[in-house]
Amino acid sequence: MTGVQHFINRAYGESAAYQWVREAYINADEAQATTVYFGVEWQAARSKGVYRRLIADNGISIASDELPKFFNTFGGSGKPIGDVHENFGVGFKTSVLPWNTYGVAVIAYQDGEAAMIWVHRDPKTGEYGLRIEEVLDENGEISLESVYEPYDDPEHGCNWAEVWPWPDKPRQGVVIVLMGDGPDSDTFLGDVTREEGKIDAIPRFLNGRIWQIPDNHQVTALDFKRMEKTEWGVGDSQYGPEGARRWQNRNIYGQKYYLEKVDEHVDSGVVEVDGGRAKILWYLHPEGTTEYVTVAHQTGFVATLYKNELYDRSTHHAAFWPFGVTEPLVRKRVSLIVVPTEFDKQAGYGAYPNSTRSTLLYADGAARAGDLPIREWASEFADKMPQEIIDGIRAQRAKQSGTITDEAWRKKLADRFGARWRSPRLRVSIDGSIRGIVVQSGDQPRTVRTKLKIKRRRGRSRTRTGLGGIPAIGVADPEGDVKLKQRKVGVALPEFDLRRSDSFSPGMLALWSPKEPGYPNGCVLINADHPVISEEILEWQKQYPQAHADVVAKEVAEAYGQVAVAHIAHSEHLRGVVSSDKIDNDLRSEEALTMALLGLWPLEAIIRARLAAKFPRVA
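Numbering (my numbering) for the sequence shown: 1 to 619.
No lab work stands behind these hints, which were simulated from the structure alone. Here a beta-carbon is modelled for each residue, glycine too, at the ideal position from N, C-alpha and C. It is possible that part of the hints are untrue.
Derived CB-CB ranges, DEER-like [to be verified]:
#, residue 1, residue 2, range
1, K554, A347, 21 to 29 Å
2, N521, H6, 28 to 36 Å
3, A347, E388, 42 to 50 Å
4, D184, G365, 41 to 49 Å
5, P602, Q387, 38 to 46 Å
6, E539, Q212, 53 to 61 Å
7, P531, G269, 38 to 46 Å
8, P506, E127, 45 to 53 Å
9, K554, S314, 17 to 25 Å
10, P506, T34, 26 to 34 Å
11, L361, E127, 45 to 53 Å
12, R313, G276, 21 to 29 Å
13, S534, E342, 35 to 43 Å
Using 30 Å as the maximum straight-line C-alpha spacing, the simulated BS3-like pairs for lysine-lysine come out as follows [said to hold, decoys possible]:
#, residue 1, residue 2
14, K261, K229
15, K261, K48
16, K69, K307
17, K279, K582
18, K542, K554
19, K229, K256
20, K124, K279
21, K69, K124
22, K124, K48
23, K225, K279
24, K279, K483
25, K279, K198
26, K345, K307
27, K279, K48
28, K384, K582
29, K169, K124
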């Protein structure tokens, strides 16, 4: 593989932890394997005390004369040279060779015959290629070959002809043994220079990466019970002398199994968004569901799904906010799987993975590629939020909550900012171009009739535009029976709610949730547990009788909520001055709102006025 070491190293640097596990499984699956095993090469463990990672499958194998071409070449387009099947392509090589410079041993079984190669990095040239061995031919003469029969190898503590892991299965498929950076390298734990090196990592990774493994397939991974190498044993028995289990083979089922089959009482469904260009699978588990099981994440995450693989998986609460799910106790029970349309070359839009298969990109039909429009899809999901999730949010909403109940203050805020607080809505319109359904009833759209123009008297003219009466609001739905048109309409001011600290990123004071269920105009969430608010409450409580401590605490917290709402409302003034994306994603971010609420003088003036109207201060 002359001249490709820089390509291999660059691709490795761009890949993620356990990329080699993903590549090994996908390659085996594409080779039509029904059995895949991530285990240990036990011979070297017994003879040398070296624990090497073994990967085996029973898929379509590679003929001996194809092995050098397939494992020893890269095509200019990033594909192997030659018209051969997709098994063990570029991705596998680039993800294992940089941390297995001593070698990767490959034994291919086909039609009862076995052939072996050893891919390594030449220590003199730095190039990756096949290791050449002295081979005795049928005439008894020695020749140098890159492909040979598996042989007994005392130097490395194993007989390569005996690495097939299934004594009761026909020898058809591929076995790979990772040799690390030297003959004594323990490679079982993976690439320890990265965030790997955990004993149960492969079952966790594959269950979280692969969506569904067919029922008639068996994918297993050997899992040691202890991190201490002295407790691993040598494969002769799963149990130690005192009866403690040393290792076990764990079955891998894929993420869908843990979402659907572990708990039969789970609620689930599908919400289509963006006119059918994406759909969102949702799962709501019952209260008390454990977020984690031994080797899988059972609930409480957001991810994207593409060709049976999960990408961009996140359990962070910020991933749920655009979907309108901010309540911690509900968030831990909800999983949201975004399924974008796969890229269509003719249509010019759809999702596709980046070169390292670590994230998804999206083409929008205008020859532009970028990130998936998750926020837009999430916002539409929030508009169509399933009733089961809404009910769960309402049931678990924190007891302590507050809105702007000071009508005089609210009126003042509305007078100043209400005219600018406008939001895009899909309104029923006879000339609308978007199909949809009505979610907020209203009057019928005004019927436009042709009239003769007449001469008007001079004076102030009056015009009427838009819909007659109360507008009917809808959401997009390709099978809907009404026509919708997007318009900017005036809406009521947002409200605020007091929440516990687990709804926020560490250290943050406030969060803007434009799609918060129960708050049709959006809601600013205030971190009632934040030290800044707690300290402010204590300072004000010192100035009033102890009997009023609870009311003082409520007034102080609500003052923060009022000021935060004012900041959100005032930010509407910037529409047309800066981009809407910057307003929504930056100026209204947790960090921006937190910074805006720091500074005692403006808040203390508001708190002082609120409390002075209710209580006399302590002398």
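For each hint, the structure was consulted:
no. : hint                    : result
1   : K554 / A347: 21 to 29 Å : 55 Å, violated
2   : N521 / H6: 28 to 36 Å   : 55 Å, violated
3   : A347 / E388: 42 to 50 Å : 34 Å, violated
4   : D184 / G365: 41 to 49 Å : 55 Å, violated
5   : P602 / Q387: 38 to 46 Å : 41 Å, holds
6   : E539 / Q212: 53 to 61 Å : 57 Å, holds
7   : P531 / G269: 38 to 46 Å : 40 Å, holds
8   : P506 / E127: 45 to 53 Å : 47 Å, holds
9   : K554 / S314: 17 to 25 Å : 34 Å, violated
10  : P506 / T34: 26 to 34 Å  : 46 Å, violated
11  : L361 / E127: 45 to 53 Å : 32 Å, violated
12  : R313 / G276: 21 to 29 Å : 24 Å, holds
13  : S534 / E342: 35 to 43 Å : 50 Å, violated
14  : K261 / K229             : 35 Å, violated
15  : K261 / K48              : 43 Å, violated
16  : K69 / K307              : 28 Å, holds
17  : K279 / K582             : 26 Å, holds
18  : K542 / K554             : 15 Å, holds
19  : K229 / K256             : 33 Å, violated
20  : K124 / K279             : 53 Å, violated
21  : K69 / K124              : 23 Å, holds
22  : K124 / K48              : 27 Å, holds
23  : K225 / K279             : 40 Å, violated
24  : K279 / K483             : 22 Å, holds
25  : K279 / K198             : 35 Å, violated
26  : K345 / K307             : 16 Å, holds
27  : K279 / K48              : 53 Å, violated
28  : K384 / K582             : 25 Å, holds
29  : K169 / K124             : 41 Å, violated
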